[in-house]
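Keeping their order, the protein sequence lines are chains A and B.
The numbering of the first sequence is the numbering used here, which starts it at 1 and goes up by one.
The numbering of the second sequence is the numbering used here, which starts it at 1001 and goes up by one.
Hints are computed from structural coordinates only; laboratory data are not their basis.
Just so it is clear, the structure is predicted and the values come from calculations on it, not from any experiment.
For glycine and all other residues, C-beta sits at the position ideal for the given N, C-alpha and C.
Heads up, a few of these hints could be off.
[Stated by the list, open to error] With beta-carbon atoms standing in for the labels, derived distance ranges: (1) LYS432/A - PRO1156/B: 26 to 36 angstroms; (2) LYS1159/B - PRO431/A: 53 to 63 angstroms; (3) GLY105/A - ARG1012/B: 50 to 60 angstroms; (4) LYS432/A - GLU1398/B: 16 to 26 angstroms; (5) VAL143/A - VAL1369/B: 40 to 50 angstroms; (6) GLY1255/B - TYR178/A: 30 to 40 angstroms; (7) GLY1201/B - PRO431/A: 34 to 44 angstroms; (8) PRO431/A - LYS1007/B: 54 to 64 angstroms; (9) GLY1400/B - LYS432/A: 24 to 34 angstroms; (10) ALA347/A - GLY1400/B: 31 to 41 angstroms; (11) ASN46/A - PRO1033/B: 33 to 43 angstroms; (12) MET1411/B - ASN95/A: 30 to 40 angstroms; (13) TYR178/A - GLY1400/B: 29 to 39 angstroms.
[What the hints assert, rightly or not] From the derived model, a few chain B residues whose C-beta atoms are all more than 10 angstroms from chain A: (14) ALA1052; (15) GLU1415; (16) VAL1430.
[To be verified] For lysine-lysine, the following DSS-like pairs were computed, each having C-alpha atoms within a straight-line distance of at most 27 angstroms: (17) LYS1021/B - LYS1007/B; (18) LYS1008/B - LYS51/A; (19) LYS432/A - LYS273/A; (20) LYS1021/B - LYS432/A.
Here's the letter readout for the chains.
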Amino acid sequence: MSTEESSAQTGGAPAGGADAANATKAVRAFDPPFLHLSTPPHIRSNLTVSKIMLAVIAAMVPALAASVVFFGVEAALLPILVCIVAAVATECVANLILRKGQTTGDFSAVVTGMLVAFNLPPALPLWMAALGSVFAIAVAKMVFGGLGCNFINPALAGRAFLVASYPAPMTSYPPTLYGSVNGLAVKAATATDTLSNAVSSATSAHISTPAVADSVTGAAAAAADSLADTAALAASKLAAAASSVADTVSAAAASAASAIDAVSSATPLYVIKHVFAMNAYRPNDFSPALKDLFFGNVGGCIGETSALALLIGGIFLMLIRAIDFRVPFAYIFTVFTLFWLANGTGAFFTVESLITPTFHILAGGLFLGAFFMATDPVTSPITPLGRLLFGIGCGALTFTIRKYGGYPEGVSFSILLMNLVAPLIDRCTRPKIYGEVKKHG
Amino acid sequence: MGCPLSKKFTFRGGVHPPHCKSQTEHSRIEEFPAPDVAVIPLSQHLGAPATALVEKGDRVLLGQAIGELGGNVSAAVHASVAGTVLSVRPFAHPSGRLVKAVQIENDGTDEAVPFEPVEDTWREAARGELVNKITECGIVGMGGAGFPTHVKLLPPSRKPIDTVIINGTECEPYLTDDHRIMVERVEDILTGAQIIKKILGARDVFFAIEDNKQEAINIVSNKTVGSRYNDIKVATLKSKYPQGGEKVLIMALTGRQVPAGGGLPMDVGCVVQNVSTALAVFEAVTQGIPLYKRVVTVTGAGVRSPKNLMVRIGTPARALLNACGVDVGGAKKIIMGGPMMGLALSDLDVPIIKTTSALLSLTESTEAVRKYPCVNCGICLKVCPLRLIPSRMAKFVEKGNFDDAVKWNLMECTECGTCAYACPAKINLVQFFRMGKNKVLAGRAAEKKKAVPIKQGAT
Chain A
1 MSTEESSAQT GGAPAGGADA ANATKAVRAF DPPFLHLSTP PHIRSNLTVS KIMLAVIAAM
61 VPALAASVVF FGVEAALLPI LVCIVAAVAT ECVANLILRK GQTTGDFSAV VTGMLVAFNL
121 PPALPLWMAA LGSVFAIAVA KMVFGGLGCN FINPALAGRA FLVASYPAPM TSYPPTLYGS
181 VNGLAVKAAT ATDTLSNAVS SATSAHISTP AVADSVTGAA AAAADSLADT AALAASKLAA
241 AASSVADTVS AAAASAASAI DAVSSATPLY VIKHVFAMNA YRPNDFSPAL KDLFFGNVGG
301 CIGETSALAL LIGGIFLMLI RAIDFRVPFA YIFTVFTLFW LANGTGAFFT VESLITPTFH
361 ILAGGLFLGA FFMATDPVTS PITPLGRLLF GIGCGALTFT IRKYGGYPEG VSFSILLMNL
421 VAPLIDRCTR PKIYGEVKKH G
Chain B
1001 MGCPLSKKFT FRGGVHPPHC KSQTEHSRIE EFPAPDVAVI PLSQHLGAPA TALVEKGDRV
1061 LLGQAIGELG GNVSAAVHAS VAGTVLSVRP FAHPSGRLVK AVQIENDGTD EAVPFEPVED
1121 TWREAARGEL VNKITECGIV GMGGAGFPTH VKLLPPSRKP IDTVIINGTE CEPYLTDDHR
1181 IMVERVEDIL TGAQIIKKIL GARDVFFAIE DNKQEAINIV SNKTVGSRYN DIKVATLKSK
1241 YPQGGEKVLI MALTGRQVPA GGGLPMDVGC VVQNVSTALA VFEAVTQGIP LYKRVVTVTG
1301 AGVRSPKNLM VRIGTPARAL LNACGVDVGG AKKIIMGGPM MGLALSDLDV PIIKTTSALL
1361 SLTESTEAVR KYPCVNCGIC LKVCPLRLIP SRMAKFVEKG NFDDAVKWNL MECTECGTCA
1421 YACPAKINLV QFFRMGKNKV LAGRAAEKKK AVPIKQGAT
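Bound-form chain A, shown alone (with noise of 0.2 angstroms):
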């Protein structure tokens, strides 16, 4: 019954799917003088799915440059390079195991690769780096099909698995070149360098509380001496910290572990919520780091450093239309609002108040996963109104996870949950059609 249809069908519309094939087949065989059989449009534009992915490629150089800038050919070039590869390869082998044909000529797996690299902190050990490529690839999408049939993005399962499995070198965060640990207490590492000695030594020593808080405090103060008043004021806010963990005796051990954290993967994130925790947020004290986050001279993860490459990058895009704008402009503007709200000034029309929002977009990942992954067509919804909801549910939970979560980032577990519920945002957000109006009974 249904081959007797469907060769009705292939009669009745000219050139079936077998047709098409055939029409290769006899090209081959005998060009010139067959003519080809399609279904119109017989015209097709210039725009391909390798275009668009090597204009992604393109738009991510900004942040490659700067990630090399700040962190060095050796903590980040390196670990890009080694991901672009395990990427591609895994593809080539996955599509060899499973005899499709190759694929990695679209290029999506190097933005995977790339975009895997950029959310692994600097300096990972490079073999590390590698497996979340490969998990990135293989689990993430060729198991469920290749590019456009995975549900959650390739990039940010490869960064979860390696959160999950290796927490500790995932979350420690080397400085900047220029000195940077945290945005904050930005030059005192490297003027003194006692500071980090201390921290290690702290580490590997897992010395008490008031030891570790005692040789921060000292650091902070021999910087604050000899250094330019931005660094010193971020950095006696961080001894601040330090010191109040240290007062709070009751939690000892518990504290010790938060505060060798504190230093040891202090990004700004870091700092600010647990600055925020201990009541001694002062929304003033973090608006020199501004600077340093919009420029990229602060430490996190290889890509998301600097916010300004990231921003061109973007904007590139936007231009071009390979992105939709609703999604970043969303997922931005939810956390610049909602941070609004929850300025801690308790006012909201001052410059004040306007500090803790701004410093939570230029901050951590948001900018390279609002431009970069949270617009991966694939695993966000294809309405407009659609992606605009996208955007601004990946905010809130950004949002959510930053102020009230146990993690002080929240951009990739935002996006992967969004990702989740992507196809039924698309369900409930189609857009009224021509003529639907006015239809009635």
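We have chain A; now place chain B onto it with these hints.
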């Protein structure tokens, strides 16, 4: 009042394929010699095929009716040459199917039946008389769909028409047949438009032209300003595909939307007629000439002498291709119609029919095999003039999930090809839609068949 409207109209979505019109846009329409043997299909329109009025061996005259209406929605068919009927049997049709046609051997005399215009001048003639003449002359929509014109001109009385749109947009690349008749026969078209207006009792007549045809815009505008055609407003539209689609054009010019779910332009008080159709209406009403010839653009890559030709219906495509120096061996595809919606020909001996606007030779082919998967980029959705979600519909069809495809408005698709043109994954979307629609229609037909005997049994 009659004047070019200063506003430039457009719609949301669409694509900008290269125009490719320069090869023929300045070529005057040339009369193409009548074929030795004409094959005139009885179905050149939407609706029921015409019923043959002649048999093998009959002698027919030029312009003689050889097929009469086979139903309410149908059209008459006329001989395009004088001569002897060789056979009445199925012949290859541009659509790829075999369709019953009348094969006439041309005796070269071009002896014609007397062409009788309406008795009074058209201004005084009754509406019914005008419509009858149009029906008699077998006029159908010549823009591509071939909807019988008389049906459009007889809307039920509860659906008054206030707006007539004369469609000179010609948004398909390569085509210049409409452009040339606008340039060469503007007054006849304008009169045709006024006849249509009179029949429908419409208030407004828009003459829609895309802005890549400035010559036509100037000519039509000059003719309408301060003349007896001053009730016709020239509306310039941005060049964008598919600007000339009926639904798109209505939306762009009037802001109205034809209801989804099988609505017709008449539901929103509009009737759209192609310029060629308006010209045919003019000829039928004022001169009594039936539709037995039309202008065909022969162009494309590798065409030595691209031309606009006035061709008898029933002329084999091959004759035109040869006359214009088309290197068929070097061509990848020969298209009847425009590159966006035209039909790829497998048989070059198929006849030119009432809806054939062009013959194209393309030296590049589209991807036959899918090269990339859908990456959900949403470009198809952005360009779709009807705001459908082509990628989703195609996925449902691909998986055989026709119910969901219909829920996502598969049946609304007009197969304009805009999404497939723009798709970066080069997915043959239109093919999926045609397949899906055919399946759904076949399923519905089967259900009806099943339903009937049950009903009879119950009563």
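Status of each hint after checking the structure:
1. Between LYS432/A and PRO1156/B the beta carbon distance is about 27 angstroms. The supplied range of 26 to 36 angstroms therefore holds.
2. For the pair LYS1159/B and PRO431/A, the beta carbons lie near 28 angstroms from each other, so the given range of 53 to 63 angstroms is not met.
3. For GLY105/A and ARG1012/B, the Cβ-Cβ distance of about 34 angstroms falls outside the hinted range of 50 to 60 angstroms, so the restraint is violated.
4. At about 25 angstroms, the beta-carbon gap between LYS432/A and GLU1398/B stays in the expected band of 16 to 26 angstroms.
5. Evaluation of the 40 to 50 angstroms hint for VAL143/A and VAL1369/B yields a failure: the beta carbon distance comes to about 24 angstroms.
6. About 59 angstroms separates the C-beta atoms of GLY1255/B and TYR178/A, a value inconsistent with the hinted range of 30 to 40 angstroms.
7. Our hint of 34 to 44 angstroms for GLY1201/B and PRO431/A holds, since their Cβ atoms are close to 36 angstroms apart.
8. Look at PRO431/A against LYS1007/B: about 26 angstroms separates their beta carbons, and that is not inside 54 to 64 angstroms.
9. Separation of GLY1400/B from LYS432/A is about 27 angstroms and conforms to the stated range, judged on CB atoms against 24 to 34 angstroms.
10. Remark: the range hint 31 to 41 angstroms for ALA347/A to GLY1400/B is contradicted by a beta-carbon distance near 60 angstroms.
11. Between ASN46/A and PRO1033/B the beta carbon distance is about 40 angstroms. The supplied range of 33 to 43 angstroms therefore holds.
12. Against the hinted window of 30 to 40 angstroms, the Cβ-Cβ separation of MET1411/B and ASN95/A comes to about 37 angstroms, which satisfies the hint.
13. Distance hint check: the CB atoms of TYR178/A and GLY1400/B are about 59 angstroms apart, inconsistent with the given range 29 to 39 angstroms.
14. The non-interface label for ALA1052/B is consistent with chain A: the shortest C-beta to C-beta separation is roughly 23 angstroms, beyond 10 angstroms.
15. GLU1415/B, annotated as away from the interface, has a beta carbon of chain A within 10 angstroms; the closest lies near 8 angstroms.
16. Listed as outside the interface, VAL1430/B is inconsistent with that label: its C-beta sits roughly 5 angstroms from the nearest C-beta of chain A, within the 10 angstroms cut-off.
17. Taking the CA atoms of LYS1021/B and LYS1007/B, the gap is near 24 angstroms; set against the 27 angstroms cutoff, the hint holds.
18. At roughly 33 angstroms between alpha-carbon atoms, LYS1008/B and LYS51/A are farther apart than 27 angstroms, so this suggested pair is violated.
19. The straight-line distance between the Cα atoms of LYS432/A and LYS273/A is roughly 43 angstroms, outside the 27 angstroms bound, and the hint therefore fails.
20. For the hint linking LYS1021/B to LYS432/A, the alpha-carbon distance of about 35 angstroms lies beyond 27 angstroms, and the restraint is violated.
Of the numbered hints stated above, those contradicted by the structure are hints 2, 3, 5, 6, 8, 10, 13, 15, 16, 18, 19 and 20, listed in ascending order.
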